[in-house]
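Asks: Spelled out, the chains give:
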Amino acid sequence: SQTIHQWPATLVQPVGSPLSLECTVEGTSNPNLYWYRQAAGRGLQLLFYSVGIGQISSEVPQNLSASRPQDRQFILSSKKLLLSDSGFYLCASPGQGSYGYTFGSGTRLTVV
Amino acid sequence: AQSVTQLDSHVSVSEGTPVLLRCNYSSSYSPSLFWYVQHPNKGLQLLLKYTSAATLVKGINGFEAEFKKSETSFHLTKPSAHMSDAAEYFCVVSGASGTYKYIFGTGTRLKVLA
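Chain order of the listed sequences is A and B. Convert by adding 416 to the 1-based position in the first sequence; the result is the number in the numbering used here. Reminder that position 35 of the second sequence reads as 19 in the numbering used here, one-by-one numbering, no gaps.
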């Protein structure tokens, strides 16, 4: 079965510092991968999705970027964090044989 | 384009009473619809999904949802609430076919009173 690993689980970063969140997938090949953000008191917003190596689609304009250097690796980055980048970041992929997503355990980012 | 609206941001019920969490969707084609639950400081767990088969969908932990095309609704219900049901619930509609993008509702926080 498919498993998604995300790290770190929590992160506190100062404004203006860089960011790198990593997501790796096991148990499948060439998966669609997604980065979602959940801001406090709000639903999940799709930030980026990728259908393959080097293929990134951005859903909303923002201070973040994403990369897919390997088939099972999806990275979320920022050169300079803003306070508004705080939130809970989730990596996800469609589960095999169904339309349900598999989610990573998430990274809670606090920008101070 | 797809969208989903969760009609209540907060719902409070007493333990042992029925639960109703409301969701309306908009889709330009036959949608796939899901309910997810998120317990505090935990990830998201799939409760149930509708993918154009039976309109009454049964999920885990006694939850079920009915797809009503005429009302564009997909409300989540449970006959008897349990304290462990307290969590945030998200209604989700799938995006364009092939991309599997999810459109999330803003969530309904369920509180269960003893």
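Check before you lean on any hint, since a few could be wrong.
Quick list of in silico lysine-lysine cross-link-like pairs, BS3-like style, CA-CA up to 30 Å [claimed, not checked]:
no., chain 1, residue 1, chain 2, residue 2
1, B, Lys33, B, Lys53
2, B, Lys52, B, Lys85
3, A, Lys495, B, Lys26
4, B, Lys85, A, Lys495
5, B, Lys33, B, Lys52
6, B, Lys85, A, Lys496
7, B, Lys95, B, Lys33
8, A, Lys496, B, Lys26
9, B, Lys42, B, Lys95
10, B, Lys42, B, Lys26
11, B, Lys95, B, Lys53
12, B, Lys85, B, Lys53
For the record, the hints were derived by calculation from the structure and aren't laboratory data.
Asks: Now, for every hint given, state plainly whether the structure supports it.
Replies: How the hints compare with the structure:
1. Lys33/B with Lys53/B: At roughly 15 Å apart (the allowed maximum being 30 Å), Lys53/B and Lys33/B satisfy the hint.
2. Lys52/B with Lys85/B: holds, 22 Å
3. Lys495/A with Lys26/B: holds, 28 Å
4. Lys85/B with Lys495/A: holds, 26 Å
5. Lys33/B with Lys52/B: holds, 14 Å
6. Lys85/B with Lys496/A: holds, 27 Å
7. Lys95/B with Lys33/B: holds, 23 Å
8. Lys496/A with Lys26/B: Holds - the C-alpha atoms of Lys26/B and Lys496/A are around 28 Å apart, at most 30 Å.
9. Lys42/B with Lys95/B: This hinted pair holds, its Cα atoms lying about 22 Å apart.
10. Lys42/B with Lys26/B: holds, 23 Å
11. Lys95/B with Lys53/B: Cα-Cα ~29 Å, so holds.
12. Lys85/B with Lys53/B: holds, 21 Å
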